[in-house]
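K.L.:
Going line by line, the protein sequences match chains A and B. Numbering-wise (our numbering), the first sequence opens with residue 1 and increments by one. Numbering-wise (our numbering), the second sequence opens with residue 1 and increments by one.
Among these hints, one or two may not hold up.
In this list, chains with the same sequence are indistinguishable; a pair is considered to hold if it fits within one copy or across any two.
Unchecked claim - With a straight-line cut-off of 20 Å between C-alpha atoms, the simulated PhoX-like cross-links for lysine-lysine are: (1) K120 x K506; (2) K3 x K482; (3) K506 x K271; (4) K506 x K535; (5) K482 x K535; (6) K120 x K512; (7) K535 x K3; (8) K3 x K271; (9) K120 x K110; (10) K506 x K3.
Source of the hints: derived by calculation from the structure; they are not laboratory data. Just so it is clear, the structure is predicted and the values come from calculations on it, not from any experiment.
2 protein chains.
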Amino acid sequence: MSKNVLFIMCDQLRNDYLGCAGHPTIRTPHIDALAARGVRFSRAYVQSPICGPSRMCAYTGRYVRSHGTDYNNVPLRVGEWTLGDHLNSFGARAVLCGKTHARADIDGMKRLGIDPASPKGRQIGEAGFEVWDRLDGMHPPGLKHPSHYNDYLRENGFDGDNPWQDWAASVVDTDGTVKNGWLNEHAHLPARIPEEHSETAYATNRAMAFIETAGDAPWCLHLSYIKPHWPMVAPAPYHAMYGPDDVVPVVRSEAERDSAHPVYQVAQDRKHATIYNRPGARERVVACYMGLITQIDDHIGRLMAWLDETGRAEDTLIVFTSDHGDYLGDHWMGEKQFFHDAAVRVPLIVVDPTPEADATRGTVDTRLAEMIDILPTTVEFMGGELRSNILEGRSLLPLVRGENVVWRDCVFSEADFSRSPARQELDRPTDQCRMVMAFDGRWKYVHTQGLRPMLFDLEADPDEMTDLGTHPDYEAVRARMKNRVLDWAFGGKSRITQTDAFIETKPPEFAKGVFVGFWDRAEADQALAAYQQEKAG
Amino acid sequence: MSKNVLFIMCDQLRNDYLGCAGHPTIRTPHIDALAARGVRFSRAYVQSPICGPSRMCAYTGRYVRSHGTDYNNVPLRVGEWTLGDHLNSFGARAVLCGKTHARADIDGMKRLGIDPASPKGRQIGEAGFEVWDRLDGMHPPGLKHPSHYNDYLRENGFDGDNPWQDWAASVVDTDGTVKNGWLNEHAHLPARIPEEHSETAYATNRAMAFIETAGDAPWCLHLSYIKPHWPMVAPAPYHAMYGPDDVVPVVRSEAERDSAHPVYQVAQDRKHATIYNRPGARERVVACYMGLITQIDDHIGRLMAWLDETGRAEDTLIVFTSDHGDYLGDHWMGEKQFFHDAAVRVPLIVVDPTPEADATRGTVDTRLAEMIDILPTTVEFMGGELRSNILEGRSLLPLVRGENVVWRDCVFSEADFSRSPARQELDRPTDQCRMVMAFDGRWKYVHTQGLRPMLFDLEADPDEMTDLGTHPDYEAVRARMKNRVLDWAFGGKSRITQTDAFIETKPPEFAKGVFVGFWDRAEADQALAAYQQEKAG
Chain A
1 MSKNVLFIMC DQLRNDYLGC AGHPTIRTPH IDALAARGVR FSRAYVQSPI CGPSRMCAYT
61 GRYVRSHGTD YNNVPLRVGE WTLGDHLNSF GARAVLCGKT HARADIDGMK RLGIDPASPK
121 GRQIGEAGFE VWDRLDGMHP PGLKHPSHYN DYLRENGFDG DNPWQDWAAS VVDTDGTVKN
181 GWLNEHAHLP ARIPEEHSET AYATNRAMAF IETAGDAPWC LHLSYIKPHW PMVAPAPYHA
241 MYGPDDVVPV VRSEAERDSA HPVYQVAQDR KHATIYNRPG ARERVVACYM GLITQIDDHI
301 GRLMAWLDET GRAEDTLIVF TSDHGDYLGD HWMGEKQFFH DAAVRVPLIV VDPTPEADAT
361 RGTVDTRLAE MIDILPTTVE FMGGELRSNI LEGRSLLPLV RGENVVWRDC VFSEADFSRS
421 PARQELDRPT DQCRMVMAFD GRWKYVHTQG LRPMLFDLEA DPDEMTDLGT HPDYEAVRAR
481 MKNRVLDWAF GGKSRITQTD AFIETKPPEF AKGVFVGFWD RAEADQALAA YQQEKAG
Chain B
1 MSKNVLFIMC DQLRNDYLGC AGHPTIRTPH IDALAARGVR FSRAYVQSPI CGPSRMCAYT
61 GRYVRSHGTD YNNVPLRVGE WTLGDHLNSF GARAVLCGKT HARADIDGMK RLGIDPASPK
121 GRQIGEAGFE VWDRLDGMHP PGLKHPSHYN DYLRENGFDG DNPWQDWAAS VVDTDGTVKN
181 GWLNEHAHLP ARIPEEHSET AYATNRAMAF IETAGDAPWC LHLSYIKPHW PMVAPAPYHA
241 MYGPDDVVPV VRSEAERDSA HPVYQVAQDR KHATIYNRPG ARERVVACYM GLITQIDDHI
301 GRLMAWLDET GRAEDTLIVF TSDHGDYLGD HWMGEKQFFH DAAVRVPLIV VDPTPEADAT
361 RGTVDTRLAE MIDILPTTVE FMGGELRSNI LEGRSLLPLV RGENVVWRDC VFSEADFSRS
421 PARQELDRPT DQCRMVMAFD GRWKYVHTQG LRPMLFDLEA DPDEMTDLGT HPDYEAVRAR
481 MKNRVLDWAF GGKSRITQTD AFIETKPPEF AKGVFVGFWD RAEADQALAA YQQEKAG
């Protein structure tokens, strides 16, 4: 039986905006059903709370400090091992349907004599994926990548230079006028595009089309939705599915603003944060956000029914996750980019169709999971080699199959505020703006280059309202967590060209005639004889 | 005037085995003269006290944790920026004459569709160098790379399958019998090869031949001697130039053996260390080592005279250094690989021919220099771009030119004992055997994964006899140094595909129409107008 993987990713979906995660009003019955078929990892963390870097972590199985893409649109360096490289090494395919946020390292390819337009160059430029359909999020005119979706829209009569902007990301007011979907005052209006032609419907259709026509080679299909990421535009009926009463209250306190960490203080002053201080704005935006999630849920339901019907659900491992969350005004912040659970914790559901996983179906696993675990999970499920000298994540398969393993006790995530106004406001050198979060299940510690640390006790303070980063009573905790950060910083896997197994089985130099520190022939002969004996015995 | 660089490297030359560095008996008048022409950096440290990794640091301007070659024969990953990449980017050449210890990343090239046999593939495989003459050290039969030197030997009548082994690395006993040069009991016997055909003479001749025929493009020639590295074989008359009276006493104490760090304890028990406990062995080996150094010195003299004569000394920056030192029995250790000055500190002389450097000629600069500084020094001298998002070293040119700069106050070096018996004896996982040294000019602190730290006070204890790694009085010093290691661990430059300048000059997203967190048109227009005004003003 062929073993395939369907790796579904949403964009900017918070960990707590699912019914199965405890949200009181959102309706996500199909995703909840997915959780019931498999294991929901309730404490899953991304390795960067921002699209591009988080995705490159997913596609390389490595931390940002290792793959180097530390912000959106930083090209993934040529030569990084991607999901595609790992799968291709044993004859499997890594296929893209949707968003990657990958930027091609054109200069790197040219420097190495690789033609970016060649098949290999294109695969390198697509973060290792074979592109079935790239749908990389809406771009204003002049900035967009070539997009299959724009072609599709035109073919279906939605015309214009950039029909995506003009139809899918535009809204229609009650008087029939078309309005700019970028502006959040319009978040309660329906998209100009009919739902069946919207991004989420389109991506789901395209995924099914791939699976239908996929050949014999085993595949991992990355179905990567661009929603519920902004622009805040939902097609009817989802635009009006939720109202102010469905929106949970914002999580924030005056104290959080008064004594914010300098980097967070700057973040609190940004437009995407202060918009939530405008009366009614949050209710309008969050209702739209929720509608977009329920729309995804409906398509997940459609997709799962189809997989069951075609029998593909039986041989396909399903992963459902998101690249990061969204502050939605919590902690006086907007967007993502930093380390509160709102931004850095994501949904993660793994459905393993094999009988080995029957015992864990419908369970919630509270062990700490990382986005970089998905690649090794995929490789192990498909029967490939787990390259321990490259991969920094761990396969979740033993957990899903109820095996007894010693698991990690800390997760890590990185940010770089050199692209935030904080760099200039805090007068930091461009290459000295790094932050690392270490979370051990209770303590969330954030180390920041050249600035004070942060510390939150998620047991006593699950909403992360009180920063203990300078509190005198927690010096020992901070010292302990700082050591974890140091250990982590030391653990980078940069020796990608030589395996651990090679090191463990390498014969001594003298076995090859390189006698270093040998005095005479007798010593050399004695060492060789002892080595031969050890090898034989 | 063309600006060239002659980058001379010895192999395994200790910092203190030069007349100008204070050695009481060794004769190195020509290297001393080189120091008198330029600046001698008396506290220069390599970033790994072992050949391959140290050289890759030199050829990339980056720490081991960044380039990934953490031991000999670990291929340098395809895509790492090398000296060749930096120089080629502005039309200059990086040319090899001698040793690099580079291993080609054949698998990496194949994965990226690069033909290892193509000109580009060959350059990648040679750590970015254009090979004029590769002389990578003697290899026993069956292991050697294709070598120009072997061809040369055959052409000159020194026959055999591996004439290097049979002539240059073999010795002749007093009765005329030929003996194996690998065995150290023969270190006092002359090489079978006449001096004028020995490796050091050959490499020097080949360097002059390159310079003579180099075209108009500016070049950096890497003249990389394989000596005084073992096998301990010196040609006449250098084999007998020094005797037991010229050998300085060994530096070690009983206490060092009794309370050695676990990793060092294993190192003290290895054959290349215990050989120095055999009466008379050290005297014989070190005398040979000294002879090989004086041989290099004579050829440096010949080379400098020729450069003066041809006028090339006027347009050529000269760097003289070594890839690491040699314990020679000090601290009960042999070989290199760890962090005493004997192994990790190297000679470093920089001769800048321009008038800007006249004021510093003949001076000794005690500021902390690193091997990774040579690449940026070369690039700056030749007028190229210093890529701050890639380079981890700093150009020494401002120091050589007497400019007023804020300089570093700590140097770092790395080791990985996963290839030492220490891994198994101390039961460490293969990927958890890293050590990092931080030296701030007084305190030398060594952080080791999973094991206790080491600490030496080089002011009170310049010979590094007393390890304060667990001494209760030095807790504060250790904490401070540990913070330096943490800062260093955080400073890795992995974002090689995007420059710092790009980040600093990037316009805000909304300038491109990506309005995140904007409520209405008025807000958008206001932000755009303010941005335009700021740009104009």
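K.L.:
Hint by hint, note whether the structure agrees.
P.N.:
Each hint tested on the structure:
{"no.": "1", "hint": "K120 x K506", "result": "neither (33 Å within a copy, 30 Å between copies)"}
{"no.": "2", "hint": "K3 x K482", "result": "neither (42 Å within a copy, 47 Å between copies)"}
{"no.": "3", "hint": "K506 x K271", "result": "between (58 Å within a copy, 18 Å between copies)"}
{"no.": "4", "hint": "K506 x K535", "result": "within (12 Å within a copy, 60 Å between copies)"}
{"no.": "5", "hint": "K482 x K535", "result": "neither (44 Å within a copy, 41 Å between copies)"}
{"no.": "6", "hint": "K120 x K512", "result": "neither (38 Å within a copy, 31 Å between copies)"}
{"no.": "7", "hint": "K535 x K3", "result": "neither (39 Å within a copy, 55 Å between copies)"}
{"no.": "8", "hint": "K3 x K271", "result": "neither (46 Å within a copy, 51 Å between copies)"}
{"no.": "9", "hint": "K120 x K110", "result": "both (13 Å within a copy, 11 Å between copies)"}
{"no.": "10", "hint": "K506 x K3", "result": "neither (34 Å within a copy, 45 Å between copies)"}
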